[in-house]
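Participant: Sequence:
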Amino acid sequence: MDSEKSNIKDFYSLMRSTNLPKMALTFGLIGSVLTTLVGLSIPILTRELVDGFSLASLSWFLVGTIGVVFILQAVIDGVSTYLLAMVGQRIVASLRERMWRKLIRMPVSYFDKTKSGETVSRVVNDTGIVKELISTHFPQFITGIISIIGAVIILLIMDWKMTLIMLISVPVTIGIMIPLGRKMAKISRALQDETATFTGDIQQTLSEVRLMKSSTAEGFEEKKGYAGISKLFAFGLKESKIFALIGPLMYLIIMVVVVVIIGYGGIRVADGTMSTGSLVAFLLYLFQIVMPITSFAMFFTQLQKAKGATERIQHILELSEEKGQEGEQTQVANQPLSVENVSFAYNDEEPVLESISFIAQPGEMIAFAGPSGGGKTTLFGLLERFYEPSEGEIKIGETPIQHLSLHTWRSQIGYVSQESAMMAGTIRENLTYGLENPQGVPDDKLWEVAKMSYADQFIKGFSEGLDTKVGERGIKLSGGQKQRINIARAFLRDPKILMMDEATASLDSQSESIVQQALSRLMEGRTTFVIAHRLSTIVDADKIIFIEDGTMTGSGTHQELISTHKLYREFAEQQLS
Numbered sequence: 001m002d003s004e005k006s007n008i009k010d011f012y013s014l015m016r017s018t019n020l021p022k023m024a025l026t027f028g029l030i031g032s033v034l035t036t037l038v039g040l041s042i043p044i045l046t047r048e049l050v051d052g053f054s055l056a057s058l059s060w061f062l063v064g065t066i067g068v069v070f071i072l073q074a075v076i077d078g079v080s081t082y083l084l085a086m087v088g089q090r091i092v093a094s095l096r097e098r099m100w101r102k103l104i105r106m107p108v109s110y111f112d113k114t115k116s117g118e119t120v121s122r123v124v125n126d127t128g129i130v131k132e133l134i135s136t137h138f139p140q141f142i143t144g145i146i147s148i149i150g151a152v153i154i155l156l157i158m159d160w161k162m163t164l165i166m167l168i169s170v171p172v173t174i175g176i177m178i179p180l181g182r183k184m185a186k187i188s189r190a191l192q193d194e195t196a197t198f199t200g201d202i203q204q205t206l207s208e209v210r211l212m213k214s215s216t217a218e219g220f221e222e223k224k225g226y227a228g229i230s231k232l233f234a235f236g237l238k239e240s241k242i243f244a245l246i247g248p249l250m251y252l253i254i255m256v257v258v259v260v261i262i263g264y265g266g267i268r269v270a271d272g273t274m275s276t277g278s279l280v281a282f283l284l285y286l287f288q289i290v291m292p293i294t295s296f297a298m299f300f301t302q303l304q305k306a307k308g309a310t311e312r313i314q315h316i317l318e319l320s321e322e323k324g325q326e327g328e329q330t331q332v333a334n335q336p337l338s339v340e341n342v343s344f345a346y347n348d349e350e351p352v353l354e355s356i357s358f359i360a361q362p363g364e365m366i367a368f369a370g371p372s373g374g375g376k377t378t379l380f381g382l383l384e385r386f387y388e389p390s391e392g393e394i395k396i397g398e399t400p401i402q403h404l405s406l407h408t409w410r411s412q413i414g415y416v417s418q419e420s421a422m423m424a425g426t427i428r429e430n431l432t433y434g435l436e437n438p439q440g441v442p443d444d445k446l447w448e449v450a451k452m453s454y455a456d457q458f459i460k461g462f463s464e465g466l467d468t469k470v471g472e473r474g475i476k477l478s479g480g481q482k483q484r485i486n487i488a489r490a491f492l493r494d495p496k497i498l499m500m501d502e503a504t505a506s507l508d509s510q511s512e513s514i515v516q517q518a519l520s521r522l523m524e525g526r527t528t529f530v531i532a533h534r535l536s537t538i539v540d541a542d543k544i545i546f547i548e549d550g551t552m553t554g555s556g557t558h559q560e561l562i563s564t565h566k567l568y569r570e571f572a573e574q575q576l577s
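FYI, full-length UniProt numbering numbers position 106 of the sequence shown as 106, with every residue one higher than the one before it.
Everything labelled a hint here was simulated from the structure, so no lab data went into it.
Just so it is clear, CB atoms sit at the ideal spot from N, CA and C, and this is done for glycine as well.
A portion of the hints provided could be inaccurate.
[What the hints assert, rightly or not] Straight-line alpha carbon distances no greater than 20 angstroms define the calculated EDC-like cross-link-like pairs of lysine to aspartate or glutamate that follow:
#, residue 1, residue 2
1, Lys-460, Glu-448
2, Lys-22, Asp-77
3, Lys-115, Glu-311
[To be verified] Have a look at the derived ranges for each label pair, beta carbon to beta carbon:
#, residue 1, residue 2, range
4, Gly-128, Ile-168, 36 to 42 angstroms
5, Ser-390, Gly-236, 21 to 27 angstroms
6, Gly-225, Thr-114, 17 to 23 angstroms
Please build the complete structure, drawing on both the sequences and the hints.
Facilitator: In structure tokens, the structure reads:
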């Protein structure tokens, strides 16, 4: 019970935090109530029409009144439906904005542990469930209660004996709906979780479709997809079984009550103790009582789903953002960068890096070499502040970098990796990605950086030039072309610190030569950190740091390490001889 109250409280708190359009919600609910109240007058008017019905004595005033009531009900219902739909859309938009703002400020470690598809499901599906409850099911629940109370009061005034007979169906209906509604809620919440998992699996597979095809893993993914679909199908069948019970049971209850009312009412009409119009009114009110009760099951099901969705939405909104959203606005140019006894481990596991220390003077090229899996890329993650060191600290000048705002720090770093990351869109949009005023960058400047990165010739070869669409993740460009676009982007940002993670590792020899020339031009006058398996690209580095199993085992120039470091010498003999 405490858990139920807590869930309701969380849901209410979440709704209040969305800055509900209170005016629209109030008028929408008032409109729904008025629609219901107007609807309650229809059986009474119908009774008067039926009791006085004949061609000779037909009351055109009464007919006109009924027509006006119908029109009024339709207009009010339309307005209230729109207002409540607007409230629902405003709520879902507000929740999605807050979740999106939160997600793009989450630390990288969150995405290391969470499937992106599951997160997408939370932003899209869970917020949609909340919207449906607010804009549709909640108003129906309120108007249903009003309809039931109003109809019962009127019927008790009209004929309390027949009303009591009719009301026997209410506890029977509730007794059926409550357990079925609880069962439906349990199934629906499980279905939400399974849908999120399935969405995550689909997104992961489609995002790596080339890996799947090159690995001939279609069969494996087909079975995996079928397994997820089978689970969704099973939950769908369970839902269908509940609906299959609700429909016939409600039909049976309604028909039994209708038959009883018609039978008993017919006897009363024959005895002259009830008019035909009153019997018709009773039947109309019967439907105004029974139909809302049938919708209550769906309301409580949706309420349970919304409470589950609220838990997941709140979980995301309450997560901690990356540290450093606020901080100093220090410029890093002409300042040394020092790494002092830095250690790091993922999730309190075995250390990935242990006691790493070095200093990079302004304008120096610092290279990292060593066996794969030694921790070089992790060190880059620490320099970019994707992660925080477990021990030690990194400084720019005398200032620990965690004292700087993330925006200030990262805006002064250029990062070029072997993945050649690109966003779907045009070449222009990728070049200006992340700039504060991308539309304000003139074409001359874009062509200048394209030329500096040796990308201008192939861009001119496209009929759309800078407005050429590159496809999802730049699929329409070759690896060398994507890499040169990334280098051009770095030129445009004019970073003070440059980080290159095996930037030419995946390129053919011709593309590597062109990209290497562009990188050399980009490195001029900048403090540069380089990870490279090909020692030929780092032999001229001011300092080479050799990392094995997370430990720094050597540091010096190429010639110094040849003389003092056995494993580095073996690497050099294999690659440079």
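Participant: Run every hint past the structure and note whether it holds.
Facilitator: These are the hints, each one checked on the structure:
no., hint, result
1, Lys-460 to Glu-448, "holds, 13 angstroms"
2, Lys-22 to Asp-77, "holds, 18 angstroms"
3, Lys-115 to Glu-311, "holds, 18 angstroms"
4, Gly-128 to Ile-168: 36 to 42 angstroms, "holds, 39 angstroms"
5, Ser-390 to Gly-236: 21 to 27 angstroms, "violated, 46 angstroms"
6, Gly-225 to Thr-114: 17 to 23 angstroms, "holds, 21 angstroms"
Of the numbered hints stated above, the single one contradicted by the structure is hint 5.
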